[in-house]
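A.B. asks: Listed below are the residues making up each chain.
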Amino acid sequence: MRVTESMIYDTTNSSLSANLAALQAITEKVSSSKQLNRPSDDPADVRSAIGLHDTLAQLNQYLRNIDSASSKISAQDTALASAGDLLQRANELAIEGANGTLDASQRQAIAAEVSQLIESMAQDASARVGDEYIFSGFRVDRAPYQVTGPGQVGTYQGDHGIVVARVGPASTMQVNMAGDAVFQPAIDALTQLQADLTGGQPVQQSTIGQVQTALTTLTQARAAEGARANRLDAAKTSQEALTTSNQALLSQLEDTDMPSAITELTRRQTTYQATLAVTAKVMQTNLLDYLR
Amino acid sequence: MSSPFYGLDIGASALRAAQQMLDTAAHNVANANTPGYSRQVVSLVEAPPYTFPAFNRSGLPGQIGSGVSVAAITRVRDNFLDLQVQAQTALKGEWDTRQQELAKVEAIFPEPSDSALGSVISKYWSAWQDLASNPTSTAARTALTEQAASLAMEMNRDSTQLGMIAAGIDGQVSQRIGTVNDLAKQIASLNGQIQRVTITGDHANDLQDQREQLLEKLSAIVPATTMTQADGTLSVLVGGTDLVNGVYARQLVAATDPTTGHVTPTWADGSAVALPTGQMKALLEVRDGDLVSYRSQLDALAKGIADSTNALHGRGIDAYGNSGQPIFTYHAGNVAGTLDVNPAVAADPRLVAAAALSNAPGDGSVAGLIADLGNARSYAAGVAGTDIVGGMDITTGSTAHLATISVGGAVGQTYTFAGAGAGLTLTGADGSSQTINVADIAAGGTETLNFDQLGIKLTVNAGAAPKTGADLVTDLTTAGHNTIVAASLYSPSQTTTDFYAGLIGKIGTASAQAAEMSKNQQLVVDQLTTRVQEVSGVSLDEEATDMVRFQHAYQAAARVITTMDEMLNTLINGTGLVGRG
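Protein chains in written order, with the working numbering: chain A, 1 to 292; chain B, 1 to 581.
Hint data in this document are derived by calculation from the structure and do not stem from the laboratory.
For glycine and all other residues, C-beta sits at the position ideal for the given N, C-alpha and C.
It is possible that some hints are incorrect.
Computed far set for chain A versus chain B, every beta-carbon distance over 12 angstroms [as the list claims (entries may be wrong)]:
hint, residue
1, Ser14
2, Ser31
3, Ser48
4, Asp67
5, Ser68
6, Lys72
7, Asn99
8, Ser136
9, Gln146
10, Pro169
11, Thr172
12, Gln204
13, Ser206
14, Ser260
To spell it out: a stretch of chain B is covered by chain A in this simulated footprint if at least three of its residues, at any positions, have a beta carbon under 8 angstroms from a beta carbon of chain A; those stretches are [stated by the list, open to error]:
hint, region
15, 43-55
16, 79-85
17, 99-111
18, 349-360
19, 363-371
20, 523-534
Per label pair, the in silico range of CB-to-CB distance [said to hold, decoys possible]:
hint, chain 1, residue 1, chain 2, residue 2, range
21, A, Gly199, B, Thr142, 32 to 42 angstroms
22, A, Val282, B, Val535, 18 to 28 angstroms
23, B, Ser69, A, Leu276, 27 to 37 angstroms
24, B, Thr142, A, Ser82, 45 to 55 angstroms
25, A, Asn13, B, Thr142, 55 to 65 angstroms
26, A, Thr27, B, Lys185, 44 to 54 angstroms
27, B, Ile199, A, Leu276, 23 to 33 angstroms
28, A, Arg2, B, Gln551, 42 to 52 angstroms
29, B, Gly261, A, Ser33, 18 to 28 angstroms
30, A, Asp257, B, Ala274, 46 to 56 angstroms
31, A, Leu276, B, Val535, 51 to 61 angstroms
Model the full structure from these sequences, guided by the hints.
C.D. replies: What follows is the structure, encoded as structure tokens:
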């Protein structure tokens with residue numbers, strides 16, 4: 001095979017170019033610490049990575065939704081606890097008031113306290129998160145129960161809208177409870193109790209029963225709300241775990257494996273230097289150096 | 001006996017030959033690095049031998065040689081290799097150009113990343129979820145309009161940049177048409193010169209080298225086939241039509257499409273140029289094939305998001321109690337490029353509709369449904385009013401009972417359901433169902449069903465003025481009730497992210513393939529170039545050795561002449577001197 005000088009020059013040029021190109025590619029991966037710097041680096045992996053980015057964004061959003069829901073549920077819990085205390089007191093007052101030996105002024109005194117209880121109950125029902133009423137269904141701009149006079153409360157002003165939170169991809173959870181389902185029995189019982197007392201009669205057994213039923217309703221509501229809180233916690237834990245595992249997957253796809261990348265970089269540098277050295281040696285000698 | 005001067009002639013011919021060979025070697029050395037140069041060799045041939053004339057037989061033993069003559073100076077060239085080089089250069093031109101243009105397309109979508117279009121789309125759907133959780137929050141509404149504006153801007157930007165690449169290609173096509181025309185003229189002119197030289201019997205070596213160089217440059221742009229004619233001219237055909245014929249060069253014309261402004265090369269008579277490969281073909285293919293496809297997919301992505309958002313949003317109620325206005329606007333011919341947020345909504349975020357019902361400030365169900373669109377894989381393709389989202393089935397029981405159904409915003413229509421045990425079942429697309437047993441509700445009682453996935457709420461009351469349960473099915477599926485419809489987003493059905501990732505995958509694959517092919521073609525062309533050099537390249541060592549050889553030949557020839565000269569001197573000055581003083 002006949003070899004000319006230009007063939008040698010061309011070959012070494014191509015080798016040097018190829019080496020430099022490979023060196024540049026690996027340097028980019030090391031300095032950006034990402035092995036996917038453009039879609040053509042690995043189209044299939046890039047597709048998966050885009051999907052994972054979206055998944056992580058959604059998981060992040062679910063966690064935000066869960067936090068927002070949690071604050072509403074914990075406000076409900078506080079309100080229900082307070083309402084429960086009120087009903088406990090009402091229960092005591094009802095039993096006391098059922099005593100036939102009480103006189104009118106004693107009954108008045110109890111009635112006055114019941115009146116206060118009614119107004120406090122309306123206040124508990126009107127609990128808010130931010131400036132939204134949480135027991136009014138969708139009518140978060142209106143208090144569910146308004147005090148219309150001493151010991152008097154108006155009708156339920158909210159609606160029966162169900163507020164949901166998106167806690168997972170196909171998973172929504174009811175967050176609120178309708179104020180009238182929880183508080184109406186209590187208010188009705190207390191109103192009845194007040195009526196009994198101001199009517200000059202001992203408190204009826206049915207009224208005591210009503211108060212106790214109202215308390216049961218409230219307790220059940222609290223239990224349901226507690227279950228929701230647990231479900232939210234579970235969802236939060238689950239989404240946090242998913243976030244971690246998806247981040248790990250994404251990192252595996254996207255991030256450069258530093259040790260092997262740096263090894264590759266060193267190898268390429270060595271190859272490049274070797275090529276340069278060989279080129280210098282080969283291109284030096286020529287017949288014309290030896291002819292006189 | 002031959003003349004004593006006969007030997008001088010032989011010596012002279014030797015000197016001439018050695019001189020020419022040295023000159024040729026010098027020419028080779030001078031052009032060792034000239035691109036496209038093929039080494040030239042002198043072919044020597046014995047000069048015609050001389051027979052002494054005599055009557056019956058030659059007067060002297062013979063034939064006697066008469067020296068050396070230079071037959072021709074030819075270039076060493078493998079024409080078959082040249083054809084291969086032209087063909088492979090065309091392919092390399094195609095893949096190199098394709099790779100360069102697709103790299104520009106890739107640069108528009110720096111995925112995967114947290115700031116490119118994919119991420120903007122995710123944030124857009126998230127903004128709807130935030131609004132669904134906080135429908136009274138003005139901040140959530142403002143954030144939504146801003147996120148929608150970001151989405152529109154990113155779409156605009158990407159679409160415009162794709163358009164700019166297409167416009168850049170138009171410029172390159174024009175430029176290359178000019179180059180092809182130029183090269184054609186130059187080849188034609190060289191044809192003329194070569195023809196004049198060839199007719200006289202000489203070899204137009206250097207001119208042929210130049211013509212070969214021009215052909216290589218031409219081949220990179222448009223694939224050319226060549227036919228050498230007997231008079232030394234080269235006919236060049238592009239796509240089967242003559243580009244250069246003898247000294248005549250046809251010209252390409254840049255035809256501009258009046259609507260798109262795109263430039264396409266045509267022959268002067270308007271017929272298309274057949275381009276199986278080459279840079280020109282790659283430019284046209286990227287502009288008219290790949291870019292068109294990517295832009296239309298981007299448009300489809302934008303349209304899917306805009307149309308489905310607008311359709312659902314129209315079923316919602318804004319903060320003023322009115323039906324939702326369109327969130328996005330666009331022009332149908334250029335969806336991604338003209339996508340914009342409805343200026344009324346952008347100016348007043350309270351026009352964003354989160355609720356499905358009026359007078360329900362805490363209702364974020366429509367916002368939630370819009371957020372779910374991001375994950376929507378399939379919806380029944382809908383004509384508004386006839387389809388219910390998720391393919392909901394309603395089956396009714398067989399006995400009657402009085403009930404009032406309010407569907408979405410339509411309140412107060414009563415339906416009769418037959419007696420105790422009669423049920424109303426609502427089944428959602430995910431298989432979940434709720435059954436309401438109408439007879440179990442106390443008179444004046446209320447039962448609320450809420451499929452948040454479907455956004456339809458049924459409230460059953462005891463009432464009067466009955467319709468039948470079958471009417472409920474009809475009513476719910478005709479216009480006038482607030483059924484919520486979403487058109488299918490994409491075909492085959494997939495989420496917005498899947499669709500987008502598919503587009504990026506296509507771009508990445510095309511770009512990676514072009515890069516790979518370009519690299520391979522580089523290797524092929526490099527190998528061919530090496531082969532050409534092997535045959536036609538100047539080896540300085542070889543030339544140096546030859547120069548030594550020719551120099552010795554010259555010295556020997558000069559010595560011959562000196563010898564002849566001394567002989568003549570002896571003859572002229574040394575004979576016949578007898579008797580002179």
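A.B. asks: Which hint numbers doesn't this structure obey?
C.D. replies: 1, 3, 4, 5, 6, 8, 10, 11, 15, 16, 21, 23, 24, 27, 28, 29 and 31
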